[in-house]
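All the letters of the sequence shown, read from the start, carry residue numbers 280 to 332 under the numbering used here.
Derived by calculation from the structure, the hints in this document are not laboratory data. Do not take every clue at face value.
[Unchecked claim] With a Cα cut of at most 25 Å, we get these calculated SDA-like pairs of lysine to any residue:
hint : residue 1 : residue 2
1    : Lys-286   : Tyr-313
2    : Lys-286   : Cys-311
3    : Lys-284   : Glu-295
4    : Lys-293   : Ile-310
5    : Lys-284   : Asp-299
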Amino acid sequence: MNCPKCKARIGVMKHEVMLDSGIIQCTRCIICGYWSQPFKPKRRNLKYPHTGS
């Protein structure tokens, strides 16, 4: 995978970030700081056994 901004081949990672609204999947480059969310976030319903929901 290459960074679209600086063309680096190393330091480019895919991340899943958990927010209040759900989980966001994104691509990040640690060399230049590029961050991209390539598509609309998936909404996942998380069930927590300790709350009963």
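Going through the hints against the structure:
Between the alpha carbons of Lys-286 and Tyr-313 the distance comes to roughly 11 Å, so the proposed pair stays at or under 25 Å and holds. With a CA separation close to 10 Å, the supplied pair Lys-286 and Cys-311 stays within the 25 Å bound. Restraint check: the Cα-Cα separation between Lys-284 and Glu-295 comes to about 21 Å, which is no more than 25 Å; the hinted pair holds. Annotation: proposed proximity of Lys-293 to Ile-310 holds, straight-line Cα distance about 14 Å (limit 25 Å).
Restraint check for Lys-284 and Asp-299: the C-alpha separation of about 29 Å exceeds 25 Å, so the hint is violated.
When the structure is compared with the earlier hints, a violation turns up for hint 5 alone.
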